[in-house]
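Engineer: Spelled out from the first residue to the last, the chains are:
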Amino acid sequence: MSFDAQYFDIGRLDRLSYRDTFVHQLDARVKVIATMLFLFTVISFPKYEVVALVPFFLFPVLLLTIGEIPVRFILKKVLLVSPFAILIGVFNPFLDTATMAVISGIPISAGVISFLSILLKFALTVSAALLLIATTSFPGVCHALRRLGLPSLFVSQLLFLYRYIFVLMEEAMRITRARDMRSFGSRGAGIQVFVRLIGTLFVRTVDRAERIYYAMLSRGFQGDIPSLRRARIVVTDLACLTAMVMFLAVFRFFRITEGIGCLVQGLLR
Amino acid sequence: MHMADALLSPAVGTTLWAGTAAVGGYASKKLKIQIDDKMIPLMGVIGAFIFAAQMINFTIPGTGSSGHLGGGMILAIILGPHAAFLVMASVLTVQALFFADGGLLALGCNIWNLGFYPCYLIYPFICKPLIGDGKNPGRILLASVVSVVLALQLGAFSVVMETVLSGKSELPFGAFVVMMQPIHLAIGIVEGFVTAGLINFVRSARPELLECMAASRPLGASISLRKVMATFVVLAVISGGALSWFASTHPDGLEWSIEKVTGKGELQEAEQGIARVLKGIQKKTAFLPGYGFKPAGNESRKEEAAPAWPGIEAGTSTAGIIGAAIVLGLILLIGVGIRSFRGRNG
Amino acid sequence: MSHHIIEFRDVFFRYPDGTEALKGVHFRITHGESVGIVGANGSGKSTLLQHMNGYLLPTSGTVTIGDLNLTRKTRQEIRKKVGIVFQNPDDQLFMPTVFDDVAFGPVNLGLDDASVRERVYRALGMVNGLALRDKPPHHLSAGQKSAVAIASVMAMEPDILAMDEPAATLDPKSRRLLITLLKGFTHSKIIASHDLDLILDVCERCIVIGDGRVVADGPAAEILSNRTMLEDNSLELPLSFQRRSSG
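Residue numbers (the numbering used here), protein chains in the order written: chain A, 1 to 269; chain B, 1 to 346; chain C, 1 to 247.
It is worth saying that the hints were derived from the structure and are not from the lab. Quick caveat, the model's predicted, so the values are computed rather than measured. Some hints could be false.
[Said to hold, decoys possible] Among the chain A residues that face chain B by a calculated CB cut under 10 angstroms, a handful are:
(1) Glu-68
(2) Val-126
(3) Val-141
(4) Glu-171
(5) Ile-198
(6) Asp-207
(7) Ala-231
(8) Ile-233
(9) Val-234
[What the hints assert, rightly or not] Once the Cα atoms are required to be at most 30 angstroms apart in a straight line, the calculated DSBU-like pairs of lysine-lysine come out as:
(10) C:Lys-23 to C:Lys-80
(11) B:Lys-32 to C:Lys-80
(12) C:Lys-135 to A:Lys-77
(13) C:Lys-183 to C:Lys-135
Here a beta-carbon is modelled for each residue, glycine too, at the ideal position from N, C-alpha and C.
Given these sequences and hints, build the entire structure.
Structural biologist: In structure tokens, the structure reads:
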């Protein structure tokens, strides 16, 4: 993916995270915990589970719609990162060929089912992760992580990283463009040039760190990064979390989807 | 090379997260003592640098394909192991959140694979001794290439182990290894050259940077072999515990996953195409004797279908498919409904 | 009111690599003055500014801010009195949101939450930036960043405001807004800049630095119309004067 595209993509996702919908306003800690529980539940399903995974799509759908996140945007990103999982999973149908199920007379191999399971789990987990950041600003996630117990040293530098990613990417973009403009035809980017580019970027980065440090000192910095944020968990947050946990428990341990199917089958007979 | 959640099992994911969290806590504590006020913004900005540098690609001589910088090793050399581990962890966190590059549960694995090995294993025991006083470009090159290659090999091998132990993929262990290791060997060599190149560049452009950084962190002294060993013991206990818990929830669990590893299942059918090739490779590369990597016998289908989690019956039936279709329809209806509700009121 | 005086007495400064940046700088700025500092690149302007809040300490000579002589021990205290706004707002806005950035100073001063909040709102109000408070700095335009950088310094309520090339990245409209803003401040103002027209607009007094020394020091209108002297120091007349004196 070209550098420009990657840059604007992360920019877009970042901008989405500062919006102001019901989902965005939920406490960040609740969202982080809910997402992790969701992920854990999804991957706890056994290898050949396909049908019981379907109801779990409700979670991303709700986040997308209530959070007003463009569907195609998320879909594109999910597709973009699928190659690795597909690459590994695609061997399953070839290696696991015993028949596992028969649907309307057509035998389906176990490998196909486990591959399908991987694909579904992939779609669910990746979209959940993306939607977490789409509905919670990165600083919000960081502060949540800190209140949930991560070392504050780590979180502080994570916030700095976030703050300067865009600045550095822009610098890198400028440097790369300068290189590309002067490399006619050949991609022009041999290792030697690359090393000089990132070397220059690195030196500039360290100089920048020096200036930032100076700016911090000038405003009284004495070693501790202050953090004023004091978000509180309210009833709405807890209600959503409870609903979530109940949903996860029910749909993990009871075969609701199949139940519905059986019901309908019975009715149709 | 980043693990995805979909291929991970809860047991493996939790174990690796525990390990990563432990190392992260250790690194934070050590850093807090040694830290110089300037470090936090420096670490953050260098993390952003790694990110930006990872996005610039370059052509690999002779192949025409493009490559990227990984970063673990160069971070360790510049910042020392503790800071480097934390920076690598943050870079991977941002990648997981913003680019879905590696899952959130798999983040523990990825930080371990790409952070622990370069910072705490390779750097102190191989890279630093080889680099010596950092003045000889030849030694720097050797140290960089060897270190990066080893670190990536360990990382790639871990991905294989994590995937195989999770049991969601059918890829036989041997074949997987044959796929991963050579690719990462090539990547490692290139990245090693890049790492050395960067160090030499900085040394000639701004020598005081390297010295300054290296000097303020007495690295050799701060990594005591005893502590490393102790960490290993703790990790071994955790992983041993987790694996046996996994095994106990599913009586034949471990054996079952080993069977998966040997690519069984096609004994009843004629071995076709890919399966045969892979099985062939696997037979030739089977090299861990006592572990039981041997062609499995005839196990019945029923065992494979048995769940690894309390009381669930796996399997797809027609009823299941009907139910799935209905549920999917319902979900879509809800989605569209909310959308248009928003549209009207928005 | 002695606490608003800045005095440089025979200040020399040599960088670790041997460069002599200041060679006997000598001047006195009193309460409420607005002073422009001009000079060619490399003349020592930035070095001079960096002495004002103790980032650099003179190799010899004394720097006095208010009642305090600048030493390693007094610099923390001095930083509460002198607020410096840098050339590149990206270096100065390093927190995740605008609010956090403007609050950074007050929190480091040890104020309680309520006071911090009050200071932030007041400072942002001064620069018309209240609406930006929850935004991350990288979502702001150059003009907005500049404004927020100023607010982040003003929130510390310094006695003296120093600025290094404040209008360098601004478009004409933002620049005009900045000038209006600065004219409204009653603090002692020290502005180092190449933008001679801005200095003419905002400052009553002007100090010309050349080769590490004070070359001229007097009312801005006078100094900045002295063509020969300016050109001798690799400068030229402000653009608004150039149109007047044709040829």
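Engineer: Work down the list of hints and note, for each, if the structure agrees.
Structural biologist: For each hint, the structure was consulted:
1. Glu-68: With a minimum Cβ separation of about 7 angstroms from chain B (threshold 10 angstroms), the hint on Glu-68 of chain A holds.
2. Val-126: holds, 5 angstroms
3. Val-141: holds, 7 angstroms
4. Glu-171: Since chain B brings a Cβ to about 7 angstroms from Glu-171 of chain A, closer than 10 angstroms, the hint holds.
5. Ile-198: holds, 5 angstroms
6. Asp-207: Check passed: Cβ of Asp-207 of chain A comes within 9 angstroms of chain B, closer than 10 angstroms.
7. Ala-231: violated, 19 angstroms
8. Ile-233: Violated, because the Cβ-Cβ distance from Ile-233 of chain A to chain B comes to roughly 21 angstroms (cut-off 10 angstroms).
9. Val-234: violated, 22 angstroms
10. C:Lys-23 to C:Lys-80: Since the Cα atoms of Lys-23 of chain C and Lys-80 of chain C sit roughly 27 angstroms apart, the hinted pair holds (cutoff 30 angstroms).
11. B:Lys-32 to C:Lys-80: Holds - the C-alpha atoms of Lys-80 of chain C and Lys-32 of chain B are around 27 angstroms apart, at most 30 angstroms.
12. C:Lys-135 to A:Lys-77: holds, 25 angstroms
13. C:Lys-183 to C:Lys-135: Status holds; Cα separation ~27 angstroms.
Hints 7, 8, 9 from the list above are not met by this structure, while the remaining hints are.
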